[in-house]
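Start from the sequences and build out the full structure, keeping to the hints where you can.
Chain residues, written in single-letter form:
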Amino acid sequence: MLSRLVLRAAPAALRALPPPPLAVGVLHTTRQLHTTQQSLAPLPPLPEKGGEVRHGLIPEEFFQFLYPKTGVTGPYMLGTGLVLYLLSKEIYVVNHETVAAACILSVIIYAVKRFGGDVAAFADKLNEEKMAKALAVKNEAIDNLQTAIDNEKKEQWRVEGRTYLFDAKRNNVAMLLEANYRERLMMVYNEVKKRLDYQVAMQTLKRQKEQDHMIQWVEKNVVQSITPQQQKESIAKCILDLKALSKGAQATV
Amino acid sequence: MNLSFFDQFMSPSMLGIPLILISMLFPMLLFPSPNSRWVSNRYSTLQLWFMHLITKQLMTPLNKKGHKWAIILMSLMIFLLTINLLGLLPYTFTPTTQLSMNMALAFPLWLATLLTGLRNQPSASLGHLLPEGTPTPLVPALILIETTSLLIRPLALGVRLTANLTAGHLLIQLISTATITLLPIMPMVSFATATILFLLTILEVAVAMIQAYVFVLLLSLYLQENI
Chain S
1 MLSRLVLRAA PAALRALPPP PLAVGVLHTT RQLHTTQQSL APLPPLPEKG GEVRHGLIPE
61 EFFQFLYPKT GVTGPYMLGT GLVLYLLSKE IYVVNHETVA AACILSVIIY AVKRFGGDVA
121 AFADKLNEEK MAKALAVKNE AIDNLQTAID NEKKEQWRVE GRTYLFDAKR NNVAMLLEAN
181 YRERLMMVYN EVKKRLDYQV AMQTLKRQKE QDHMIQWVEK NVVQSITPQQ QKESIAKCIL
241 DLKALSKGAQ ATV
Chain U
1001 MNLSFFDQFM SPSMLGIPLI LISMLFPMLL FPSPNSRWVS NRYSTLQLWF MHLITKQLMT
1061 PLNKKGHKWA IILMSLMIFL LTINLLGLLP YTFTPTTQLS MNMALAFPLW LATLLTGLRN
1121 QPSASLGHLL PEGTPTPLVP ALILIETTSL LIRPLALGVR LTANLTAGHL LIQLISTATI
1181 TLLPIMPMVS FATATILFLL TILEVAVAMI QAYVFVLLLS LYLQENI
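Protein sequence lines correspond, in order, to chains S and U. Following the numbering used here from start to finish, the first sequence increments by one per residue and tops out at 253. Following the numbering used here from start to finish, the second sequence increments by one per residue and tops out at 1227.
Fair warning: there could be bad hints in the mix.
[What the hints assert, rightly or not] Below, a list of computed lysine-lysine pairs in the DSSO-like style, where the Cα atoms sit at most 27 Å apart:
no., chain 1, residue 1, chain 2, residue 2
1, S, K130, U, K1065
2, S, K193, S, K206
3, S, K138, S, K125
4, S, K247, S, K237
5, U, K1056, U, K1068
6, S, K237, S, K220
7, S, K154, S, K169
8, U, K1056, S, K125
9, S, K133, U, K1056
[Stated by the list, open to error] Quick look at which bits of chain S chain U covers, simulated, 3 or more residues with Cβ under 8 Å:
no., segment
10, 89-98
11, 120-129
12, 187-198
I should point out that these hints are in silico values taken from the structure, not numbers from a laboratory. From the three backbone atoms N, C-alpha and C, an ideal C-beta is built for every residue, glycine too.
In structure tokens, the structure reads:
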């Protein structure tokens, strides 16, 4: 009954309240909806090392928690007391599972101590390789761009020397033309000389032939004109000359 | 707690509430989902590397259609591996020692491979019943033998896993009981038994991993034949 009273009185009471100030509405429209930078990137970096653990199981914070009250040996006393309590009250009964537990725990502890460092180093190596691959891609891209820049600079430098290039080319072409001209000149000279030599050779040959012919004709006629009488006279003269000569020679010897 | 030898194989329940589901789901807690970082912590990196390793190992022989099975086979592998290894801890219940669970895993998966093969390539699937190069008189007998071996596969899969794990656990229990009983009587014999137990524990660790791998490997082989 009282509740019905409250319920009936509620709207009137609410209307009795002062109306909400205009500033509230303004505040609602001008309030920034996202005040924190709730973006997903960049993610906060992972911590460098994991939490400190003592004996591989118990966090260091537990020891720090107990240190003010119980000092350094506190947690160990707690642990020992707990174990002894469980054993003495037979809350934990030593049975065959205990031995099995001892075996498997020793295997696990040995494995962790022996291979723990190697496994951690392997995991770090995997991550390093991943990062190295990405870095390699980045560095290769940078190197390629640097080479491209250097090539471009070289091309620009080459462009500056283009006048020399053109001069050299022009000189080259002129030299080629000159050489070609001289070669043709030489050829012309050789051809002309060949023809003139031919004419000269023809003339020489002709004169020689004429001379030879004339000598032959003269000799022939002379030989023909030698009569037998003349032949005998000349032979006798020759013999007399020879005798005179032989006398003269004997005398000198 | 007076444990008999078979208490460890009883499906766990607390105040009448069966805890088998929790014990089967527990391994899920040990594998954090790979976070959205590119370079994550060591645990995630190693987990990812390990998954990649066995996925490559198991899925390479399969053709492209078989790669659809990658998720179920990989999750099965991790499930069995974790359950087997966790079962070696003291006072833990190993679900894979229960034949019911192993048959529940083996039978549907084997049947799925068989039905896939019979549906998509029936003649090739049935052709596997006769090995190549058998002499003609032996053919009927061999087909019967191969059919039997085909039908016995799910049973073999389930029972292999169950038997291996159960036998291993039971041996550990027995030898540790012997060790403890002999300790006040003949300590040196007890010490020798403890050494045997130590070696057996190492063997059991290996068996746990191998059995999980063999289960999934055989399933992938059956899939290879049929897909």
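Violations among the numbered hints, reported as their numbers in ascending order: 1 and 12
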